[in-house]
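Throw the hints in and build the complete structure from the sequences for me.
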Amino acid sequence: MQQFALNKMKALQPGQILAVNGPPGTGKTTLLRDLIAHLVVERAGVLAGLTNAKQGLSTETLETQVFGKPMYKLAPALTGYEIVVASTNNGAVENLSLELPQCSGIDPELVDSLRYFQPVATKYAGSHASKPWTAPQPPVWGLVSAALGKKANRTRFNDIFVYRAAKPDERPDKYLAKAKVDYAAWEKVDAQTYWRYREKHDAQTTFKVAQEKFTDARAAYEKEHAALVNLEATLSQVHADWERMRVLCDGLPKFDPLRLTELAAAAGHLAQRAQEDAESLERRLLPKWLRWLSQIFDAKRYRQWCTYCDRAMVLRRIGQDAEALAQQCASAQVAIWDGNLLDSHANQANAFWQGARLNQSRNAMFAAAMVLHEAFFLEAQPNIATAISNFLPRPAAFGNDAKALWQWLFMLTPVVSTTFASVRRQFVGLGSEDLGWLIVDEAGQAPPQAAVGAIMRAQRVVVVGDPLQIPPVVPHGTRLLQLLGNHWLGQQHARYAVDKHSVQTLSDRAYAFGVRHPASPESFIGVPLVMHRRCDAPMFGIANQIAYANRMKHAKNGGAAVHPTLGPSSWWHVDSMSEDGSKFVPAQAQRLFAALVDMYISQATTSDQRMPDVFVITPFREVKRGLRSLLCERANWVQALAGRSLPVPTKANLEQLESNIGTVHTFQGKERDIVFFVLGCDSSHSGAIDWASGEPNILNVAVTRAKKHLYVIGDRNLWGSKRYFDTALAMLKEFQAGHAA
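Per the working numbering, the very first residue in the sequence shown carries number 7; after that it's consecutive.
Simulated from the structure, these hints should not be mistaken for lab results.
For every residue, glycine included, the Cβ atom is placed at its ideal position computed from N, Cα and C.
Some hints here could point you the wrong way.
[Said to hold, decoys possible] Derived pair list, reagent style BS3-like, types lysine-lysine, alpha-carbon separation capped at 30 Å: (1) Lys562 - Lys713; (2) Lys559 - Lys714; (3) Lys562 - Lys14; (4) Lys229 - Lys206; (5) Lys562 - Lys657; (6) Lys676 - Lys714; (7) Lys657 - Lys194; (8) Lys739 - Lys559; (9) Lys14 - Lys506; (10) Lys559 - Lys16; (11) Lys728 - Lys676; (12) Lys506 - Lys156; (13) Lys676 - Lys14; (14) Lys739 - Lys562.
[To be verified] Label pairs and their computed distance ranges (CB to CB): (15) Asn492 - Thr140: 38 to 46 Å; (16) Pro144 - Gly483: 42 to 50 Å; (17) Asn492 - Ala232: 58 to 66 Å; (18) Glu677 - Gly459: 26 to 34 Å; (19) Gln615 - Leu18: 43 to 51 Å; (20) Ser529 - Ser64: 55 to 63 Å; (21) Lys16 - Arg522: 23 to 31 Å; (22) Leu254 - Gln333: 20 to 28 Å; (23) Gln143 - Gly459: 31 to 39 Å; (24) Leu652 - Arg557: 43 to 51 Å; (25) Gln143 - Gly55: 37 to 45 Å; (26) Pro20 - Arg252: 46 to 54 Å; (27) Lys260 - His231: 46 to 54 Å; (28) Asp679 - Gln71: 52 to 60 Å.
See below:
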């Protein structure tokens, strides 16, 4: 289904919306990477057709000048490829923009060849709003995306342009004092501003050379692709010939493209039998020189002999064709449809007609496309960066130039992310369909009205999300919304109620392709992604049962690991007793603190003070505050580590731990190997417990953040009988029993 979704994205026309329904861990980010790569390669195809870099400029100029010289707009053929990723969840869109350039997210074979303004990207990735610059970990390969939106984010990105030099001896002392830049750290990882990198342009690939490299890479890819097209045609022909022969020859097995060698052997065996039958009959016919008389005086036997001869010949041919086809398939290294239902596990796990050789050529083409984009930007009009730098902090001041300057920014950085709340201010001055593509991420969390402005500004819209995770937060009262809905929509109110629907649900309903919702047959969902690749057991099983009616399929093989310190994933029962009437239960926090101390002791050394890399999730803000107060208090760690020759976690360590403690709503789109789900609440908070267990969403999100280990901390007597949580308790018990020491 992922390949189907990508194919539909590529075919999307202006004015169309595509809805992709993606449960957690089903490859939504990978899908978006593929779309972005496709659009970059498409635009590179336009660049490759230019006579020179200057031909990529329009004859129209901006009202803004740089150093007294006119700045030209992009040629229309290079526009329409702008990619905006938007969501209500600021963390989600920032995470996507920060993940896209990371070397850890690309094929290892590309790490040495894929470079796109890499020193500038390193400078950007190491910048932080309120902390000193630090080398990005993992490293980044290019300036492919930027997390914009609010002004602070735009200012952070704009820092790559701010200084025209990057070394102390090239800048006035007063600016050095204000900048507080650790140049040694920059030099160590080759981090540079845009201008410093621009000065070294002579050492970079020229536009003409980049064109030639891309053209060669594209030709190599097209050659591989054409070979697969021919292979597919051959496969269809062999299949058709085989099925025709099956009608005439008993014993010929059903055609199976995954067992071609076996089929060839079967055809050869039957051909040998037919040949032997023909030879047996031939001995009873007249000699060859009188054979024609057999057609008259022994017609039946003659016809039978001819049938056996023809059958032997055809069987030998289709057997040889099957054997040759098997060798071609092995050489092509591609996955082929086995003829079974597409919904089968094996077929959902594979992308048909994809293989190592094709992917290598595609990767090389993408890397060449990025080099071509860089060469174009540096040669065509490099000083446009000054205009972009002036524009980003205050887009509203640039009036008629806004659209053209955004198009230039997207030429430099193909993907920009923003929250819906920032769309109006960031893209002020842009009208209907002035942007190429809008990707709505975590669309199940977005109220429909929040996305209107972004959708209006885009030519094509891809909506990706899951209504069974965190629902939209609507601050208005239900009664008010009902009155307004009835007034304006009458009987149609329920179909469009903003407190009942999300961008995802409305897009699902509007899209022509999809399936019935597994848990709600009256609802319709868009293109469903079903192959889950994130979570081990039992997390996958819990989520699949409580939220997806077991529709998801598990891509992970092998058994789940048992944590050496914490043991198997399980439910840690802690009696509930709040000390201050809040939902925070100190005993549950103490149980978690003891586990974190054990983990710290097992992995820390005198020189390494890393904190356990975990998520601590809870349904309630009161519990979050209590957990942060106890777990991140340095005095508690001093006491817990007393008598041990281990350093106490630093302030930075505890700040990192604090950032990983929060409510379920703040973790959508994130993942960790280990997750603690702290439930809180005592018997006086039955209403809060009923709220948290009323729908599968909260438990679903919490469980699916854990890739390898999940530990639920709470009172089984209060939570264990509640809907959805009863399933989690039962499956965790079963898992724990099956992995007992």
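**Q.** Hinted pair Lys559 and Lys16, Cα distance within 30 Å
**A.** Judged against 30 Å, a Cα distance of about 25 Å means the pair holds.
Q.
For the hint 58 to 66 Å, verify it against the beta carbon of Asn492 and that of Ala232.
A. holds (60 Å)
(Q) A range of 52 to 60 Å was offered for this pair. Does it hold for the Cβ distance of Asp679 and Gln71? (A) holds (53 Å)
Q) Between Gln143 and Gly55, is the Cβ distance one that fits in 37 to 45 Å? A) Holds - the Cβ-Cβ distance for Gln143 and Gly55, about 39 Å, lies within 37 to 45 Å.
Q. If you check the beta carbons of Pro144 and Gly483, does the distance land in 42 to 50 Å?
A. Distance hint for Pro144, Gly483 holds at roughly 46 Å.
Q. CA of Lys657 to CA of Lys194, is that 30 Å or under?
A. holds (26 Å)
(Q) With the threshold set at 30 Å, check whether the alpha-carbon distance from Lys676 to Lys714 stays at or below it. (A) Holds. Lys676 to Lys714 sits at ~14 Å (cutoff 30 Å).
Q: Quickly compare the C-alpha distance for Lys229 and Lys206 to 30 Å and report which way the hint goes.
A: Status violated; Cα separation ~35 Å.
(Q) Against the range 23 to 31 Å, how does the distance between the Cβ atoms of Lys16 and Arg522 compare: consistent or not? (A) holds (26 Å)
**Q.** 30 Å limit on alpha-carbon distance, applied to hinted pair Lys14 and Lys506
**A.** holds (28 Å)
Q.
Tell me if the beta carbons of Leu254 and Gln333 are separated by a distance inside 20 to 28 Å.
A. holds (26 Å)
Q | Pair hint Lys562 and Lys657, alpha-carbon separation not exceeding 30 Å | A | violated (38 Å)
When each numbered hint is compared with the structure, violations occur for hints 4, 5, 15, 20, 27.
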